[in-house]
Every structure is written in C-alpha cells, then in structure tokens.
Amino acid sequence: LGFSLKHEQIEALKSFIFKKDVFAALPTGYGKSLIYQLAPVVAKRMGLSENPLVVIVSPLIALMEDQVKEASKFGLTAMQLGVHTLKDIRKANCQLIFGSPEAWLMQSKWRELLSTKAFRDNLLGIVVDEVHLIYKWGKADKGHKDFRECFAKLGELRSIVRRGTPILALTATADLDSRAIIQKQLHFEDATQVTVSPNRKNIRFGLIKVSSHTFDCLDWIVRELKEHDTNMFQVIIYCRTLTAVGRVFCYLKAELGEDCWADKDPQRRAENLRIGMFHSHTLPQNKRRILDSFGGDGPCRVVVATGALGMGLNFPKISHVVMYGVPEDMEAILLEAGKAGRDGSLSHAVI
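First residue of the sequence shown? That's 3 in our numbering, and the numbers climb one at a time after it.
Please keep in mind that the hints were generated in silico from the structure rather than gathered at the bench. Keep in mind that a hint or two might mislead.
[Claimed, not checked] The list that follows gives simulated cross-link-like pairs (lysine to any residue, SDA-like), each with its CA atoms no further than 20 Å apart:
{"no.": "1", "residue 1": "319", "residue 2": "282"}
{"no.": "2", "residue 1": "89", "residue 2": "109"}
{"no.": "3", "residue 1": "75", "residue 2": "298"}
{"no.": "4", "residue 1": "21", "residue 2": "203"}
{"no.": "5", "residue 1": "119", "residue 2": "181"}
{"no.": "6", "residue 1": "8", "residue 2": "44"}
{"no.": "7", "residue 1": "203", "residue 2": "33"}
[Stated by the list, open to error] FRET-style restraints, in silico, Cβ to Cβ:
{"no.": "8", "residue 1": "117", "residue 2": "210", "range": "31 to 39 Å"}
{"no.": "9", "residue 1": "256", "residue 2": "177", "range": "56 to 64 Å"}
{"no.": "10", "residue 1": "44", "residue 2": "201", "range": "47 to 55 Å"}
{"no.": "11", "residue 1": "49", "residue 2": "161", "range": "38 to 46 Å"}
{"no.": "12", "residue 1": "84", "residue 2": "218", "range": "41 to 49 Å"}
{"no.": "13", "residue 1": "265", "residue 2": "44", "range": "13 to 21 Å"}
Don't be surprised by glycine CBs; every beta carbon is placed ideally from N, CA and C.
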C-alpha cells in the first residue's frame with residue numbers, strides 16, 4: 003500500500019476490519035486517522051467487501067473538513083453530512099462518510115440512511131473520533147445541562163446498524179477511569195485495547211507564575227513577531243474562556259500595531275494577519291482562513307484559541323504551545339501540549 007505502519011496501527015486496523023471493537027489511545031501526531039482511512043482499502047483488497055464503507059463520528063466542522071481533504075489526497079472518496087446531500091451520498095461510491103453525533107442521531111434522514119439494507123451491507127464499521135468527548139461534553143455537572151448530550155448517546159448507533167458492526171474509538175489520551183466510562187457508553191465487550199503512552203520526549207515543559215489579568219508574560223511573543231515577521235516559529239495560545247481569548251488577542255494586536263500584518267500591509271487585509279483568533283463563535287470564513295494559513299505556508303504565526311483549535315487537526319510546524327491559565331486536568335494538558343512538535347523537532351509547552 004506504500005505505507006509504513008506502526009505495530010499499534012496494524013493491531014487496531016486488523017481488529018477493526020475483522021469485526022472487533024477497538025479502543026485506541028494513541029498520542030497526538032501518531033497517525034490515528036490512517037487506521038480508518040486504510041480500513042476500506044484493506045478490506046476490499048482482502049475480498050471482505052466489494053464496496054466497504056466507514057462511518058466517522060466527528061465533533062467539529064473544521065475537523066471534518068480537514069479529514070475529508072486529507073482522505074482525498076489518498077485517493078479516497080469522502081463525504082460530509084450537511085455539505086453533501088442525501089442524494090449525493092446515495093449516488094457516490096464513497097468509502098468514508100463524516101458527520102457529527104447530532105447529525106447521525108437526531109436527523110431522521112441520516113438515521114434512516116444507516117438502516118437501509120444497502121448501507122448496512124456495505125458498512126465496515128463506525129469510528130468515533132476524539133472519543134474522550136463522550137464524558138467531556140456528553141455529561142454535565144449535576145444541575146447543569148449537557149453541553150452536547152448526543153456524545154453520551156453514541157451507543158445508540160448499535161441499534162441502527164447491523165448486529166456485530168464494530169466500533170473504533172480513537173483518542174489521544176484517556177486515563178483508566180475515562181476508558182471505562184467510554185467503553186461502557188459504547189457497549190464494548192472484549193474490545194481490543196491499543197494504547198501508547200502520551201509522553202512526548204521532544205516536548206519541554208515550562209511553568210510561569212503570573213498574577214491574574216496580566217499579559218506581559220506574552221511580551222516575548224510580541225518581540226519575536228516584530229523581529230522575525232513571517233519567519234517566526236508558530237505558536238498556539240490556549241485560553242480557558244472565550245473572554246480570555248478576546249482579551250489576549252486584543253493585547254497582542256495593540257502591542258504589535260502595524261506589525262500585526264505581514265510586511266506591515268498598509269491595507270491591513272485579513273489574509274495578511276500574523277495573529278488569529280479561533281473559538282466556537284469565530285465566523286466560518288475566518289476559521290477557514292486561519293486553518294489554511296496556519297496549516298500551510300501562510301503569514302499566520304500565532305493563534306489565540308480555545309480547545310476547539312487543534313482537535314484532530316494536523317499542524318506539523320508548531321514549536322510552541324502556551325496554556326494561558328491552567329487546563330482542567332492532566333488529560334487536557336497532554337492534549338494541548340501534544341499539538342507542539344508533531345514533526346519530531348524539539349518543542350516547548352508553557353503553562
């Protein structure tokens with residue numbers, strides 16, 4: 003196939019195509035998506051199915067868009083619920099279909115699609131990407147409304163598809179308690195367990211104590227941007243709240259002045275901004291501009307964001323991650339820090 007796979011990828015892929023549930027906790031940048039991308043290709047070559055199809059449950063639109071693009075690079079036909087119509091999907095001989103938990107569970111046309119004979123006959127399995135969100139987003143604290151309750155109901159998919167259809171659960175990190183919750187919600191029994199330590203030896207951690215509501219701890223980023231312009235390394239600044247994202251972004255913009263734009267662009271065009279802001283309320287066109295610039299060779303060097311940025315997205319050139327405010331738990335720290343150094347180079351994560 004032209005791919006050199008790691009042992010854990012092979013183990014997960016083999017179990018999945020032979021109809022066994024799989025829980026895979028593999029570090030950021032390990033190549034989790036390659037497992038389900040190769041599944042229909044391998045299944046067809048082995049004669050297990052004539053038109054194998056994989057359904058992927060994904061949490062974010064930006065992540066789905068990125069995964070559809072990535073799949074097309076491998077020559078796979080991938081579609082996304084809401085972007086492609088029911089007619090498109092029925093007509094196409096696609097191998098991967100991406101959709102949110104809400105789309106698969108709450109919209110009758112997609113539920114009915116899952117239950118059609120043609121779909122059930124070709125369905126190789128279901129993938130739940132970023133599966134830790136089952137307990138992060140699917141279950142709220144007592145007295146509060148669930149943020150996205152469909153995450154906690156993903157086990158219902160088993161009642162729609164053919165009995166014995168396997169589920170591949172993917173995450174970058176989950177402790178023992180979290181794994182137990184996830185596998186109970188998905189009704190796993192005797193699932194294949196594939197785990198690799200999330201420790202990344204190429205990432206150096208630092209801790210800076212600051213007083214509340216101060217931003218001067220970020221002045222080194224301002225200095226680097228002014229000195230190196232678009233040749234500066236890439237940085238993600240993760241904040242705990244939308245308010246904090248806005249305040250940090252405004253501080254950086256004010257301190258940079260005209261240096262906020264590549265080559266001090268006198269027209270101050272958005273596409274030449276060297277800093278960006280990314281969260282759940284960012285306009286779709288701005289999200290796409292930031293993702294394209296940050297993920298490619300664009301001028302954007304620094305993105306101030308919530309955890310919505312980077313979830314499953316591939317940014318290989320990030321060398322610094324700044325966590326402005328302490329993440330809620332160790333899993334969150336590892337997930338955010340893991341966005342740095344995906345190319346294997348020495349990188350830094352600072353809290």
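Any hints this thing doesn't respect? Which numbers, in order? Hints 1, 4, 5, 8, 9, 10, 11, 13 not satisfied by this model.
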